[in-house]
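Chemist: Read off the chains here:
4 protein chains.
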Amino acid sequence: MFSTEVKKRVRYGETDKMGYLYYGKYANLYEIGRVEMLRDLDLPYVKIEDEMGIMLPVLSVEAKYLKPAYYDDELTIKSILREMPSKLIAVHVEIFNGKMELIHKALVKLFFIDMKTNKRISAPSVLTDKLKPFF
Amino acid sequence: MFSTEVKKRVRYGETDKMGYLYYGKYANLYEIGRVEMLRDLDLPYVKIEDEMGIMLPVLSVEAKYLKPAYYDDELTIKSILREMPSKLIAVHVEIFNGKMELIHKALVKLFFIDMKTNKRISAPSVLTDKLKPFF
Amino acid sequence: MFSTEVKKRVRYGETDKMGYLYYGKYANLYEIGRVEMLRDLDLPYVKIEDEMGIMLPVLSVEAKYLKPAYYDDELTIKSILREMPSKLIAVHVEIFNGKMELIHKALVKLFFIDMKTNKRISAPSVLTDKLKPFF
Amino acid sequence: MFSTEVKKRVRYGETDKMGYLYYGKYANLYEIGRVEMLRDLDLPYVKIEDEMGIMLPVLSVEAKYLKPAYYDDELTIKSILREMPSKLIAVHVEIFNGKMELIHKALVKLFFIDMKTNKRISAPSVLTDKLKPFF
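Heads up: the sequence lines are chains H, C, A and E, in that order.
Numbering of the first sequence is given in our numbering, commencing with residue 1 and proceeding in unit increments.
Numbering of the second sequence is given in our numbering, commencing with residue 136 and proceeding in unit increments.
Numbering of the third sequence is given in our numbering, commencing with residue 271 and proceeding in unit increments.
Numbering of the fourth sequence is given in our numbering, commencing with residue 406 and proceeding in unit increments.
Derived from the structure by calculation, the hints contain no laboratory data.
Hints should not be assumed to be uniformly reliable.
No farther apart than 20 Å at their CA atoms in a straight line, the calculated lysine to aspartate or glutamate pairs in the DMTMM-like style are these [to be verified]: (1) Lys412/E x Glu83/H; (2) Lys8/H x Glu506/E; (3) Lys337/A x Asp519/E; (4) Lys109/H x Glu209/C; (5) Lys143/C x Glu171/C; (6) Lys510/E x Glu275/A; (7) Lys514/E x Glu332/A; (8) Lys7/H x Glu506/E; (9) Lys413/E x Asp129/H; (10) Lys483/E x Glu506/E; (11) Lys413/E x Glu441/E; (12) Lys142/C x Glu275/A; (13) Lys452/E x Asp72/H; (14) Lys202/C x Asp185/C; (15) Lys537/E x Asp478/E; (16) Lys277/A x Asp185/C; (17) Lys369/A x Glu197/C.
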């Protein structure tokens with residue numbers, strides 16, 4: 001297992017007239033979480049795209065909204081890999097509010113595209129090598 | 136069954152550096168779809184909140200990304216109710232690109248909150264009455 | 271002078287906890303306005319980028335917020351060219367609410383970049399030719 | 406004079422198909438800057454709204470886009486008060502890229518609304534008292 005935590009404050013422009021973090025903004029939180037997880041592995045996503053020519057489009061999202069998040073709350077986004085990536089990378093996301101109550105859960109699956117051929121590939125060894133010690 | 140279709144063009148600010156409609160923007164499309172579905176039933180969501188004092192927070196989203204959407208594509212958002220709403224309303228969403236290829240599927244479940252008591256309620260009869268002829 | 275009008279409804283995800291259209295979303299409205307203005311000239315922006323290899327980054331924005339816009343309001347975005355574009359294109363934007371009250375004014379200046387050389391160029395003749403009858 | 410700096414990374418969902426930070430996202434950066442400036446004064450904006458019943462809608466924005474910002478750049482948002490707020494608060498914003506090049510300048514003017522009466526008021530003394538030592 002490998003996991004990373006990152007903090008993110010709810011901004012005014014992310015709230016809606018209910019006073020909640022808009023439900024459509026959680027996908028941006030998943031993105032922040034997984035990008036910081038890759039940075040923790042010393043593999044910034046910007047390098048995966050620009051130097052390795054690989055991009056990771058999203059295949060599916062399953063999300064459960066447990067409690068609302070409010071303006072100015074400092075959320076904790078926890079991104080967890082429970083399995084070694086192969087054809088897919090499955091990121092489990094848990095989001096906690098300022099009181100560390102679990103308010104949201106998601107499972108985001110992404111795949112790997114070789115940007116030269118525009119074809120699906122398996123997880124690159126540079127990623128799986130970094131992850132081996134954790135599995 | 137009851138369903139509605141609405142068109143929505145992909146705007147520059149909704150694309151990302153891959154050149155695709157950003158994956159996090161699809162939730163905005165589901166919102167447009169279900170709000171126009173309610174308007175088609177002569178029940179604008181703004182009235183449900185302001186006049187009936189009921190709000191519909193999202194409980195869960197399951198989404199499958201089948202093909203990317205591109206800048207300036209005119210998408211068709213189809214919102215489908217397959218079951219009469221009761222404790223929940225389950226909206227099946229199908230999104231088609233300009234060539235009418237299915238590019239995205241989602242299931243969005245919402246619940247009903249009485250804004251005065253802040254408690255969950257069942258689907259209001261004003262909604263279920265409008266839907267009866269279709270089920 | 272050349273001008274175009276386009277309608278745009280305020281969506282839930284665009285409101286903030288004040289209940290207003292978030293101030294940061296107006297730039298998206300300017301974009302919709304100017305892109306539809308170009309489409310009215312039979313010059314879709316997607317063709318300017320993809321076929322002519324020209325892009326139009328924004329140089330400056332001056333905006334005045336006169337009245338708030340509310341959820342589900344159907345706004346009218348009026349985009350006006352008061353001068354023939356040359357080194358710049360200056361788009362005057364006027365936004366009206368559902369009662370056709372002026373709620374927002376902006377001036378957006380954009381310039382032209384040749385995407386091959388990455389250098390600034392003047393307004394392409396394909397654009398100025400289309401606009402000549404109006405000036 | 407009073408000023409604050411805060412860092413903000415450019416996220417994928419904030420880029421557009423040019424590969425730049427979308428021009429419409431800068432308003433979100435101004436918001437982050439001024440909210441963190443208020444927090445530095447020990448006056449979190451959430452308290453101004455919830456405890457003092459005052460809100461600060463935006464009156465005008467003047468923005469100059471000097472250079473693009475790119476994906477994953479860590480931007481520095483500098484928010485500067487050059488004058489003591491009275492009827493207005495004028496926030497000068499300077500945004501720098503990772504190489505500390507100035508890429509964007511803006512002037513954002515906000516006013517003060519008493520949320521009970523919905524009328525304009527002057528800057529509350531709790532704010533001006535905190536700022537006096539700096540002017």
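Chemist: If any of the earlier hints don't hold here, list their numbers in rising order.
Modeler: Hints 1, 2, 4, 6, 8, 9, 14, 15, 16, 17 contradicted; others consistent.
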